[in-house]
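A.B. asks: These are the residues of each chain, in order.
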Amino acid sequence: GENVEQHPSTLSVQEGDSAVIKCTYSDSASNYFPWYKQELGKRPQLIIDIRSNVGEKKDQRIAVTLNKTAKHFSLHITETQPEDSAVYFCASGGGADGLTFGKGTHLIIQP
Amino acid sequence: ETGVTQTPRHLVMGMTNKKSLKCEQHLGHNAMYWYKQSAKKPLELMFVYNFKEQTENNSVPSRFSPECPNSSHLFLHLHTLQPEDSALYLCASSLRQGREQYFGPGTRLTVT
Chain A
1 GENVEQHPST
11 LSVQEGDSAV
21 IKCTYSDSAS
31 NYFPWYKQEL
41 GKRPQLIIDI
51 RSNVGEKKDQ
61 RIAVTLNKTA
71 KHFSLHITET
81 QPEDSAVYFC
91 ASGGGADGLT
101 FGKGTHLIIQ
111 P
Chain B
1001 ETGVTQTPRH
1011 LVMGMTNKKS
1021 LKCEQHLGHN
1031 AMYWYKQSAK
1041 KPLELMFVYN
1051 FKEQTENNSV
1061 PSRFSPECPN
1071 SSHLFLHLHT
1081 LQPEDSALYL
1091 CASSLRQGRE
1101 QYFGPGTRLT
1111 VT
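Chains as they are written, first to last, in my numbering: chain A, 1 to 111; chain B, 1001 to 1112.
In isolation and in its complexed conformation, chain A is listed as follows (with noise of 0.2 Å):
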């Protein structure tokens, strides 16, 4: 089945700076990578995806890239704010089936 690595496990960054978070996976059948974000006690949210016929995808300070060459797509978040501190989730998906997750990113930023 498909696998999907993430790193880092925890990210600290200083408000206003980038923060990068970079996932691979294991299936080449694989079509969508959406990214997850979880807040304390909260749901996952779906903040930002792409799919494979796509290099890259922007939405205000988030952006997504994808090497479907080198199985490895990354999210990007620039300015960071302080609401931005949570836990994100990569996430690795073909039509017919679910989604694997990656383990997870404990984003802090730090005032």
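Just so you know, the hints here were simulated from the structure itself, not pulled from any lab data. Bear in mind that the values here come from a model prediction, so they are computed numbers and not experimental data. You may find that some hints are simply not true.
[What the hints assert, rightly or not] SDA-like, lysine to any residue: derived pairs with alpha carbons at most 20 Å apart: (1) B:K1022 x B:S1038; (2) A:K22 x A:N67; (3) B:K1036 x A:Q45; (4) A:K42 x B:P1042; (5) A:K103 x B:K1040; (6) A:K37 x B:L1088; (7) A:K37 x B:R1099; (8) A:K37 x B:S1038; (9) A:K37 x A:E5; (10) A:K22 x A:I50; (11) A:K37 x B:A1087; (12) B:K1040 x A:P8; (13) A:K103 x B:D1085; (14) A:K71 x A:I48; (15) B:K1036 x B:N1057; (16) B:K1019 x B:R1108; (17) B:K1040 x A:L11; (18) B:K1036 x A:H106; (19) B:K1018 x B:P1008; (20) B:K1041 x A:R43; (21) B:K1041 x A:E5; (22) B:K1041 x A:G1; (23) B:K1022 x A:R43; (24) A:K68 x B:R1099; (25) A:K57 x A:K68; (26) B:K1041 x A:H7; (27) A:K68 x A:G55; (28) B:K1022 x B:E1044; (29) A:K42 x B:E1100; (30) A:K42 x B:T1110; (31) A:K22 x A:D49; (32) A:K22 x A:T65; (33) B:K1040 x B:V1060; (34) B:K1052 x B:H1029; (35) A:K22 x B:K1041; (36) A:K58 x A:Q45.
[What the hints assert, rightly or not] Sample of chain B residues facing chain A (criterion: CB under 8 Å; computed from the structure): (37) L1043; (38) V1048; (39) E1056; (40) L1090.
Even glycine gets a Cβ: it sits at the ideal position worked out from N, Cα and C.
Once you've looked at the hints, dock chain B against the given chain A.
C.D. replies: Chain B in isolation, oriented as in the chain A frame:
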């Protein structure tokens, strides 16, 4: 947020009890999912239903039994659970398999 709801939000049960978790989605989606989230592991997919048909069972022990009577409702029946089954159980739905998933708030389950 009321798109995907789950009840109960918290549940404490003994190892000999039988209980059920309920999930309901009001988004008109056709696929529904059960995930387990525990402290030491990532989100683990348990079951997938697409148009009320179970399409995936990720080697889940038989003490967990899903039921999907229609595209809007999903149940997880629990019996003779073990303490290691204590976790947050999340339901999710998507328009169809392979599309973005939306999660419910979860049921925090404690098995004593």
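A.B. asks: Holds or violated: K1036 (chain B) with N1057 (chain B), Cα cutoff 20 Å?
C.D. replies: holds (13 Å)
A.B. asks: Is the hinted pair K1018 (chain B) and P1008 (chain B) satisfied, with a Cα-Cα distance of at most 20 Å?
C.D. replies: holds (14 Å)
A.B. asks: Assess, step by step, whether the Cα of K71 (chain A) is no farther than 20 Å from the Cα of I48 (chain A), and give holds or violated.
C.D. replies: Holds - the C-alpha atoms of I48 (chain A) and K71 (chain A) are around 18 Å apart, at most 20 Å.
A.B. asks: Does the nearest C-beta of chain A fall within a distance shorter than 8 Å of the C-beta of L1043 (chain B)?
C.D. replies: At about 4 Å, which falls below the 8 Å cut-off, the nearest Cβ of chain A leaves the hint on L1043 (chain B) intact, so it holds.
A.B. asks: Between K22 (chain A) and T65 (chain A), does the CA-CA distance stay at or below 20 Å?
C.D. replies: Given that 20 Å is the threshold and the Cα spacing comes to 10 Å, the pair holds.
A.B. asks: Hey, K1041 (chain B) versus E5 (chain A), does the alpha-carbon distance stay inside 20 Å?
C.D. replies: With a Cα-Cα distance of about 12 Å, the restraint between K1041 (chain B) and E5 (chain A) holds, given a limit of 20 Å.
A.B. asks: Next pair to validate is K1041 (chain B) with R43 (chain A); report whether the Cα-Cα distance is within 20 Å.
C.D. replies: holds (16 Å)
A.B. asks: Hey, K1022 (chain B) versus R43 (chain A), does the alpha-carbon distance stay inside 20 Å?
C.D. replies: Distance of about 16 Å is within 20 Å: holds.
A.B. asks: Does E1100 (chain B) sit within 20 Å of K42 (chain A), going by the straight-line distance between their CA atoms?
C.D. replies: holds (18 Å)
A.B. asks: With the threshold set at 20 Å, check whether the alpha-carbon distance from K22 (chain A) to I50 (chain A) stays at or below it.
C.D. replies: holds (14 Å)
A.B. asks: Need the status of pair K1036 (chain B), H106 (chain A): alpha-carbon distance at most 20 Å?
C.D. replies: Holds. K1036 (chain B) to H106 (chain A) sits at ~19 Å (cutoff 20 Å).
A.B. asks: The hint names E1056 (chain B) as touching chain A; please verify it with the least Cβ-Cβ distance against 8 Å.
C.D. replies: Holds: closest Cβ of chain A sits about 6 Å from E1056 (chain B), inside 8 Å.
In this structure, every one of the numbered hints holds.
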